[in-house]
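Student: Spelled out, the chains give:
Protein chains: 2
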Amino acid sequence: MPPQAPAATLAEIRTLLGELPGPDFEAGTAAALREAQLTKPAGALGRLEEITAWLATWQGKYPPVLNHPRTAVFAANHGVASRGVSAFPAAVTAQMVANFVAGGAAVNQLCKAVDGDLRVYEMALDQPTADFTEAPAMSEEECAKAIAYGMMAVEPGLDVMALGEMGIANTTSAAALCCGLFGGTTAEWVGPGTGVAGEALQRKIAVVDAAVAFHRPQFGDAFDVLRRLGGLELAAIVGAIMACRLARVPVLLDGYACTAAAAVLFAADKRALDHCLVAHRSAEPGHTRLLERIGKAPLLDLGMRLGEASGATLAVAVLKAGLACHTGMATFGEASVSNRDQ
Amino acid sequence: MPPQAPAATLAEIRTLLGELPGPDFEAGTAAALREAQLTKPAGALGRLEEITAWLATWQGKYPPVLNHPRTAVFAANHGVASRGVSAFPAAVTAQMVANFVAGGAAVNQLCKAVDGDLRVYEMALDQPTADFTEAPAMSEEECAKAIAYGMMAVEPGLDVMALGEMGIANTTSAAALCCGLFGGTTAEWVGPGTGVAGEALQRKIAVVDAAVAFHRPQFGDAFDVLRRLGGLELAAIVGAIMACRLARVPVLLDGYACTAAAAVLFAADKRALDHCLVAHRSAEPGHTRLLERIGKAPLLDLGMRLGEASGATLAVAVLKAGLACHTGMATFGEASVSNRDQ
Chain A
943 MPPQAPAATL AEIRTLLGEL PGPDFEAGTA AALREAQLTK PAGALGRLEE
993 ITAWLATWQG KYPPVLNHPR TAVFAANHGV ASRGVSAFPA AVTAQMVANF
1043 VAGGAAVNQL CKAVDGDLRV YEMALDQPTA DFTEAPAMSE EECAKAIAYG
1093 MMAVEPGLDV MALGEMGIAN TTSAAALCCG LFGGTTAEWV GPGTGVAGEA
1143 LQRKIAVVDA AVAFHRPQFG DAFDVLRRLG GLELAAIVGA IMACRLARVP
1193 VLLDGYACTA AAAVLFAADK RALDHCLVAH RSAEPGHTRL LERIGKAPLL
1243 DLGMRLGEAS GATLAVAVLK AGLACHTGMA TFGEASVSNR DQ
Chain B
943 MPPQAPAATL AEIRTLLGEL PGPDFEAGTA AALREAQLTK PAGALGRLEE
993 ITAWLATWQG KYPPVLNHPR TAVFAANHGV ASRGVSAFPA AVTAQMVANF
1043 VAGGAAVNQL CKAVDGDLRV YEMALDQPTA DFTEAPAMSE EECAKAIAYG
1093 MMAVEPGLDV MALGEMGIAN TTSAAALCCG LFGGTTAEWV GPGTGVAGEA
1143 LQRKIAVVDA AVAFHRPQFG DAFDVLRRLG GLELAAIVGA IMACRLARVP
1193 VLLDGYACTA AAAVLFAADK RALDHCLVAH RSAEPGHTRL LERIGKAPLL
1243 DLGMRLGEAS GATLAVAVLK AGLACHTGMA TFGEASVSNR DQ
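Which chain is which? The protein sequence lines are A and B, in order.
When you line the first sequence up against my numbering, it's residues 943 to 1284, in that order.
When you line the second sequence up against my numbering, it's residues 943 to 1284, in that order.
None of these hints come from the bench; they were simulated from the model.
In this text the structure is predicted, and so the values were computed from the model without any measurement.
Any given hint might turn out to be false.
Since the list can't tell identical chains apart, any single copy or any two copies may satisfy a pair.
[Stated by the list, open to error] For lysine to aspartate or glutamate, the following DMTMM-like pairs were computed, each having C-alpha atoms within a straight-line distance of at most 25 Å:
| id | residue 1 | residue 2 |
| --- | --- | --- |
| 1 | K1212 | E954 |
| 2 | K1054 | D1101 |
| 3 | K1212 | E992 |
| 4 | K1054 | E1276 |
| 5 | K1054 | E1130 |
| 6 | K1212 | D1068 |
| 7 | K1003 | E1076 |
| 8 | K1054 | D1211 |
| 9 | K1003 | D1216 |
| 10 | K1238 | E1130 |
| 11 | K1054 | D1073 |
| 12 | K1054 | E1097 |
| 13 | K1003 | E1130 |
| 14 | K1003 | D1166 |
Using the sequences and the hints, build the whole thing.
Tutor: Structure below.
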């Protein structure tokens, strides 16, 4: 994490959350009006039809554009990785960041496939968060700084932002966050992650149990749960989501860890994720439960569970298809096609 | 339908079905071997991982390629349209074909989005099939000719074929076909199609009831059910699927009407659709029942119900993403990323 991340406190970030701009209903309505005139039975393009209205509503303009999609991947390490909760060693976080930089990861190929650019944000990989079974993962200051860092990844002029993460042990953090934010048993929120099963999965559940039991008596608001049980990359995603709202950049959320970070904002303000679509349903079982809690239906359901914004980036292809239909199709009148009511 | 469609009889087509080539396991295995070495937890790309092996197995080569996707839309009219089973008049079939030719339909935009080409096959729109509540929709000769016509749409050298249809009243035909092939009540197979509801939906159910009751005593094999209850465009899809298998072109099936045509082949030979993926789950309720019968899981589930190969064409984007990951990703060894077993 570079030293130039702007100073911010959690109190300032909480205040900012209350000041986020709302939807541009005028732009969204313009999209819906054209959609109804296109040469197809009403509703026949299914969820492709909601895409243009959503882009218009949150870009704040009609017609919306999709020329500059960006994928942002935040990478960080977790103290809790030392508890043996992942199938891979913590060193893999840095190795995968090198793989992103070299162009060899899945997300690199997916960015090329959707003609999007990729930014990878490496957050002090040699300084993992504290092991949250024993202490808060982050101090208030560390958490605020990571959120502010995520905000800096957002520039005006981006058409959509696909968000994701890399961090060995972060599905453990995500499960703890979800349990802290929404309750339920830890077993409901813990899944295989990179592929743990049997005894290792039981250990992962026990670790999350211990963490939640340790912190629950001190839980404050959602941001406090984030700093206690989250991670630097998850805090950065929180910041990026907020900054996208401010910059009028619609957001595609990736899988379990990314959506768990977003859920911090939902828990703080039910409207805070209105500019976000969930790109896909992760195979991680907790993701489906989380989507029910935040009331989002994923666009894709391909059994993916890789993270690194892979599902979010792939979904850009669906957005492009939806916008292309909306923009390029003829209306009933233009094509002299009989509508059902005519 | 041009006069040059080659002469073929249903008997010859039945014989050909028994002679279709099988899978190329060597190519498929080569894909699976590389997939296991790529820098991700095993299985973490979900269904994207099956794509390359499927393409290799049915293109009969490794690595497979996806430079020349084609979308083929077959259009025809149905005598049963005069029974008031659609929300749109039969004239819309020809109007939509003109819209395809002019570039104004959804499938045109989707073909552009996936960099594929589009062929539209207009099948004697002024000569609808017979009203199948009173007579077989097609004679044996007409059905065989339509199948042969569909075969002609396939050329060697295509990398994947997305198949679809346009034909007012063809979800009525699809429902009758499914009921004829698989049994069950007609109400299970009949849905809103272009958007019929209430009394009109009840009329659609009654029409399918009458048609199935009329023909059931004479049902022969699956091809006989096709000629009695199908349509020219559905018979052409049957032919295109067979020709793709012969030419080693993997197939993407579209929604309800397209999959119902494919189901004729499945009913005749359980292996006949092994080179086909179902691109998406249509919102038409019968499609989900049909997918269970033929044992196929759709790639996409976006609530689409437009036909015209829209879902099949969109799924080409998913195939491209899967192949791009397979081809472009680094292996654990190349990227010096620690694998879980090392």
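Student: Work down the list of hints and note, for each, if the structure agrees.
Tutor: Each hint, compared with the structure:
1. Proximity of K1212 to E954 under the C-alpha cut-off of 25 Å is restricted to the intra-copy arrangement: shortest distance 19 Å within a copy versus 64 Å between copies.
2. In this assembly of identical chains, the alpha carbons of K1054 and D1101 lie at most 25 Å apart whether taken from the same copy (16 Å) or from different copies (20 Å).
3. Taking CA atoms no more than 25 Å apart as the test, K1212 paired with E992 passes inside one copy only; the shortest distance there is 20 Å, against 38 Å between copies.
4. In this assembly of identical chains, the alpha carbons of K1054 and E1276 lie at most 25 Å apart only when taken from different copies (20 Å versus 35 Å within one copy).
5. Neither within a single protomer nor between protomers do K1054 and E1130 lie at most 25 Å apart by alpha-carbon distance, with minima of 36 Å and 43 Å respectively.
6. Taking the shortest alpha-carbon separations for K1212 and D1068, neither the intra-copy value of 35 Å nor the inter-copy value of 56 Å comes in at or below 25 Å.
7. Within a single copy, K1003 and E1076 get their C-alpha atoms no closer than 48 Å, and across copies no closer than 55 Å, so neither meets the 25 Å cut-off.
8. Taking the shortest alpha-carbon separations for K1054 and D1211, neither the intra-copy value of 35 Å nor the inter-copy value of 40 Å comes in at or below 25 Å.
9. For a Cα distance limit of 25 Å, the shortest separation of K1003 from D1216 inside one copy, 16 Å, qualifies, whereas the shortest one across copies, 46 Å, does not.
10. Taking the closest pair of Cα atoms, K1238 and E1130 come within 25 Å of each other only inside a single copy of the chain (19 Å); across copies the shortest separation is 30 Å, beyond that limit.
11. Taking identical chains as interchangeable, the C-alpha atoms of K1054 and D1073 are never at most 25 Å apart, the minima being 37 Å within one chain and 50 Å between chains.
12. With identical chains, the CA atoms of K1054 and E1097 are at most 25 Å apart within one copy only, with a shortest distance of 20 Å there and 29 Å across copies.
13. Taking the shortest Cα distances, K1003 and E1130 never come within 25 Å of each other, neither inside one copy (41 Å) nor across copies (44 Å).
14. Proximity of K1003 and D1166 under a CA criterion of 25 Å is satisfied in neither setting, with 35 Å inside one chain copy and 55 Å between copies.
In summary, the structure is inconsistent with hints 5, 6, 7, 8, 11, 13 and 14 from the numbered list given earlier, while agreeing with the others.
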